[in-house]
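Each protein sequence line maps, in turn, to chains G and F. Numbered as in this note's numbering, the first sequence ends at 435 without a single skipped number. Numbered as in this note's numbering, the second sequence ends at 435 without a single skipped number.
Take the hints with a grain of salt, since some may be wrong.
Because identical chains cannot be distinguished in the list, a pair is counted as satisfied if it fits within a single copy or across any two copies.
[Unchecked claim] Here are the simulated PhoX-like pairs of lysine-lysine, each with C-alpha atoms no more than 25 Å apart in a straight line:
| hint | residue 1 | residue 2 |
| --- | --- | --- |
| 1 | K2 | K260 |
| 2 | K339 | K25 |
| 3 | K260 | K340 |
| 4 | K322 | K260 |
| 5 | K29 | K126 |
| 6 | K232 | K359 |
| 7 | K340 | K25 |
| 8 | K322 | K416 |
| 9 | K260 | K25 |
| 10 | K322 | K126 |
| 11 | K2 | K29 |
| 12 | K339 | K100 |
| 13 | K260 | K388 |
| 14 | K359 | K41 |
Think of the hints as simulated: they come from the structure by calculation, not from any bench. Nothing here was measured: the structure is a model prediction, and the numbers come from that model.
As a plain string of letters, each chain reads:
2 protein chains.
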Amino acid sequence: MKDSVSVGLLGVGVVGSGVISLIEKHQAKLAHQLGCNVHVKSALVRNPEKAREVDAGVNGTELTTNSEDVLNDPEIDVVIEVMGGIEEAREAILKAFEAKKHVVTANKDLVALHGAELHESATKNKCDFYYEASVAGGIPILRGITDGFASDHIEQVMGIVNGTTNYIMTKMSNEGVSYEDALKQAQQLGFAEADPAADVEGLDAARKMAILGRLAFSTYIDLDDVEVTGIKDIELTDLQYGDQLGLTMKLIGFAKFDGKEVEVNVQPALISKEHPLADVKNEYNAVYVYGEAVGEAMFYGAGAGSMPTAAAVISDVVTVIKNMHRGVTGSQFVEPRFKKELKSESQRFSQYYVRFHAKDEAGVFSRISSLFNKLDISFKQILQNPSKNPDTAEIVVITHTASLQNMNEALEELEKLDEVVEINSFYKVEGDADA
Amino acid sequence: MKDSVSVGLLGVGVVGSGVISLIEKHQAKLAHQLGCNVHVKSALVRNPEKAREVDAGVNGTELTTNSEDVLNDPEIDVVIEVMGGIEEAREAILKAFEAKKHVVTANKDLVALHGAELHESATKNKCDFYYEASVAGGIPILRGITDGFASDHIEQVMGIVNGTTNYIMTKMSNEGVSYEDALKQAQQLGFAEADPAADVEGLDAARKMAILGRLAFSTYIDLDDVEVTGIKDIELTDLQYGDQLGLTMKLIGFAKFDGKEVEVNVQPALISKEHPLADVKNEYNAVYVYGEAVGEAMFYGAGAGSMPTAAAVISDVVTVIKNMHRGVTGSQFVEPRFKKELKSESQRFSQYYVRFHAKDEAGVFSRISSLFNKLDISFKQILQNPSKNPDTAEIVVITHTASLQNMNEALEELEKLDEVVEINSFYKVEGDADA
Chain G
1 MKDSVSVGLL GVGVVGSGVI SLIEKHQAKL AHQLGCNVHV KSALVRNPEK AREVDAGVNG
61 TELTTNSEDV LNDPEIDVVI EVMGGIEEAR EAILKAFEAK KHVVTANKDL VALHGAELHE
121 SATKNKCDFY YEASVAGGIP ILRGITDGFA SDHIEQVMGI VNGTTNYIMT KMSNEGVSYE
181 DALKQAQQLG FAEADPAADV EGLDAARKMA ILGRLAFSTY IDLDDVEVTG IKDIELTDLQ
241 YGDQLGLTMK LIGFAKFDGK EVEVNVQPAL ISKEHPLADV KNEYNAVYVY GEAVGEAMFY
301 GAGAGSMPTA AAVISDVVTV IKNMHRGVTG SQFVEPRFKK ELKSESQRFS QYYVRFHAKD
361 EAGVFSRISS LFNKLDISFK QILQNPSKNP DTAEIVVITH TASLQNMNEA LEELEKLDEV
421 VEINSFYKVE GDADA
Chain F
1 MKDSVSVGLL GVGVVGSGVI SLIEKHQAKL AHQLGCNVHV KSALVRNPEK AREVDAGVNG
61 TELTTNSEDV LNDPEIDVVI EVMGGIEEAR EAILKAFEAK KHVVTANKDL VALHGAELHE
121 SATKNKCDFY YEASVAGGIP ILRGITDGFA SDHIEQVMGI VNGTTNYIMT KMSNEGVSYE
181 DALKQAQQLG FAEADPAADV EGLDAARKMA ILGRLAFSTY IDLDDVEVTG IKDIELTDLQ
241 YGDQLGLTMK LIGFAKFDGK EVEVNVQPAL ISKEHPLADV KNEYNAVYVY GEAVGEAMFY
301 GAGAGSMPTA AAVISDVVTV IKNMHRGVTG SQFVEPRFKK ELKSESQRFS QYYVRFHAKD
361 EAGVFSRISS LFNKLDISFK QILQNPSKNP DTAEIVVITH TASLQNMNEA LEELEKLDEV
421 VEINSFYKVE GDADA
């Protein structure tokens with residue numbers, strides 16, 4: 001057993017500085033747990049002159065602009081990749097595995113896109129490969145799913161896994177501000193990037209759901225398998241109707257597996273206010289897991305930030321070093337064992353919310369409801385209000401559980417009806433205990 | 001590596017039957033993870049004739065009334081103790097360790113009382129000893145704390161760790177029913193025992209907090225170190241005032257560690273409705289962890305029940321078998337490293353809620369508030385209502401943060417005032433973001 005384990009860092013940005021300062025600060029705790037010291041020997045930076053939150057050089061970490069100094073250093077056993085981006089990070093990690101170094105990464109984009117290839121290389125080189133920080137920052141959700149539910153069958157995962165969109169939607173719900181204004185506030189507070197596309201279009205959440213789905217269901221989910229709808233088109237009207245009906249709008253990552261087919265998507269959905277996910281506010285993240293034996297469990301916490309993410313990275317480093325000492329490296333979070341088959345629309349079931357405008361004439365609602373009934377869709381709740389145009393009414397319905405195929409067909413038929421002026425919005429409804 | 005690992009079961013009650021049926025059901029998943037089969041070879045029962053939920057005999061498990069058949073069977077590597085009780089279970093586990101068998105238990109009473117002794121024996125015999133199921137049933141909280149927060153300093157843990165009392169208090173809060181009626185309902189639904197003393201007096205929660213505190217702070221917490229107040233004396237009046245003030249009453253297990261002194265207690269407390277613990281309803285459990293780096297994280301789920309508890313037991317068995325295969329048994333959740341020192345009342349700080357009756361005379365309130373001010377206690381909120389007796393007023397105050405010592409002194413002084421008729425209640429207030 002080594003007296004001291006040297007790790008190398010790729011990237012000293014927000015997360016990387018956190019890693020250096022946490023390892024420094026908790027030397028005693030780490031030494032107690034591991035029986036050895038942990039030392040960040042060298043770190044790859046783009047510009048060593050640039051001032052950093054942690055003055056890495058002072059703490060005994062050599063800064064370098066050449067990745068080979070980290071990847072080819074025989075003293076370094078563990079490489080931490082927190083540089084971000086795809087291609088450069090992918091190549092660096094593959095080189096690290098070839099040099100028999102264990103890898104810990106926080107890079108969800110990379111793991112979602114190239115997870116299979118990286119796992120394969122790790123296995124081939126008998127290296128450890130962990131990425132707890134890639135999903136929901138400081139929340140130990142990946143280990144929770146793989147270890148905590150080891151003997152259970154996970155049926156469904158629902159997650160609020162993007163803090164930016166949750167912050168925006170919380171503002172919209174609680175303060176009635178528009179999407180644009182809420183986004184501006186989020187940007188001012190640092191919860192949204194200057195270019196918020198990856199967050200608000202749902203891509204960031206989709207990457208995390210691909211990773212979560214893979215670990216929960218033990219099957220490879222590709223990013224292309226994840227259906228994505230962003231939050232840009234959400235209207236305050238639907239948040240207000242939702243509120244009247246006891247529902248809150250959230251960007252929900254949804255993954256379901258029945259032992260055969262799998263379904264993964266990210267979309268704004270209305271969720272019952274009684275459901276614990278409805279109470280997850282602002283920039284917080286939470287993942288709700290339905291296990292056959294365990295029942296419902298939720299993991300809640302900060303989904304991003306320098307220190308939470310760095311803490312998750314180091315929890316992986318601790319696992320790796322324990323494995324090294326025991327001589328059992330080469331283990332992964334989990335080895336997929338199922339062939340993936342995606343659910344068709346006829347196999348996907350949910351309750352739905354539809355808002356539309358129809359002519360305010362006798363008999364209209366009866367024709368509409370018989371259209372739905374023919375497709376086996378019945379209504380759980382109906383709201384009808386006069387609209388600005390005196391000849392039309394605004395109608396909101398919440399259906400009982402129906403297949404997505406039937407729902408889509410019903411919406412097509414509905415649009416064709418002369419009495420229907422416009423279909424305004426259509427959302428899934430989750431978390432209804434009577435569903 | 002063995003093709004098949006035999007485990008022995010002590011007790012085939014609610015949890016034990018769950019263990020047998022889950023291991024049976026998830027053979028394929030377990031075999032995939034472990035590379036071997038898992039087989040419950042024999043099980044200790046009190047009465048083999050008694051009908052059981054799982055007909056253990058049929059599934060190839062031998063039933064025996066002699067514990068030696070399990071503890072001395074050389075083929076059995078792992079002993080699962082789910083018989084409950086203290087002395088018999090303690091002796092059986094010590095014998096198992098002496099016979100070099102790894103032990104998994106769900107027995108919180110035993111771990112809280114004799115954890116140190118059992119850990120010592122496990123270490124001496126190089127055996128694994130895990131008890132994930134002992135706290136919060138199916139929620140993987142112990143592993144979450146020890147592995148997920150490996151590189152973090154946990155500052156505080158607040159838990160709703162007893163489902164019975166949470167069910168009763170949810171009923172009282174939401175439906176305004178009395179403690180007695182809520183308890184009756186809980187008993188009818190099976191959420192409370194015929195003799196509910198251990199639950200409603202807070203002892204069950206205290207045991208779990210002793211275990212949680214030990215793992216979170218890496219120091220031995222004795223059950224005697226945990227200050228306990230039960231829920232029997234809670235009055236609806238205080239729930240209603242709390243509601244007006246934006247607070248919900250919960251039985252909160254509280255553990256705090258500042259790196260030097262530790263504080264662990266269980267008591268009914270008022271918690272801000274904005275805090276995620278306030279939304280934990282009915283029989284659900286949740287543990288809220290404050291880590292220096294990770295920030296706030298919550299683990300939520302079913303705290304009891306046959307299947308959730310059995311799933312937690314098996315997650316421990318999976319850990320043990322992985323350790324066996326790697327030849328690294330003898331590991332524990334965590335080895336305490338700090339000497340315990342309890343906080344004195346002058347080192348314990350909180351906000352407080354006090355309800356009392358005072359004479360409805362000019363100048364009374366000013367005398368009362370100057371009494372508090374002299375002890376450095378200021379008020380954050382004040383409610384005054386006329387009481388049934390026209391000469392007295394009912395007063396509720398919420399203080400800013402104050403030391404428990406000053407609060408106790410203030411209450412003593414308050415009681416001595418001629419103007420004060422009666423002090424009715426006194427609770428901690430938690431979860432105030434402005435505190």
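How the hints compare with the structure:
In this assembly of identical chains, K2 and K260 lie within 25 Å of each other by CA distance neither inside one copy nor across copies; the values are 45 Å within and 30 Å between. For the identical chains of this complex, K339 and K25 are inter-copy neighbours only, at 20 Å across copies versus 44 Å inside a copy, given an alpha-carbon limit of 25 Å. In the homo-oligomer, the alpha carbons of K260 and K340 lie at most 25 Å apart inside one protomer (8 Å), although the nearest pairing across protomers, at 52 Å, exceeds that limit. Taking the closest pair of Cα atoms, K322 and K260 never come within 25 Å of each other, the shortest separation being 35 Å inside a single copy and 27 Å across copies.
For a Cα distance limit of 25 Å, the shortest separation of K29 from K126 across copies, 23 Å, qualifies, whereas the shortest one inside one copy, 28 Å, does not. Taking the closest pair of Cα atoms, K232 and K359 never come within 25 Å of each other, the shortest separation being 28 Å inside a single copy and 59 Å across copies. Only between protomers do K340 and K25 lie at most 25 Å apart by alpha-carbon distance; the minimum there is 22 Å, versus 43 Å within a single protomer. For a Cα distance limit of 25 Å, the shortest separation of K322 from K416 qualifies neither inside one copy, at 64 Å, nor across copies, at 60 Å.
Proximity of K260 and K25 under a CA criterion of 25 Å is satisfied inter-copy only: 16 Å between copies versus 47 Å inside one chain copy. Proximity of K322 and K126 under a CA criterion of 25 Å is satisfied in both settings, with 15 Å inside one chain copy and 17 Å between copies. Only within a single protomer do K2 and K29 lie at most 25 Å apart by alpha-carbon distance; the minimum there is 17 Å, versus 35 Å between protomers. In this assembly of identical chains, K339 and K100 lie within 25 Å of each other by CA distance neither inside one copy nor across copies; the values are 29 Å within and 40 Å between.
When the C-alpha separation of K260 and K388 is checked against a cutoff of 25 Å, the pair qualifies neither within a copy, at 48 Å, nor between copies, at 66 Å. Neither within a single protomer nor between protomers do K359 and K41 lie at most 25 Å apart by alpha-carbon distance, with minima of 72 Å and 71 Å respectively.
In terms of the numbered hints stated before, the structure departs from hints 1, 4, 6, 8, 12, 13, 14, listed from lowest to highest.
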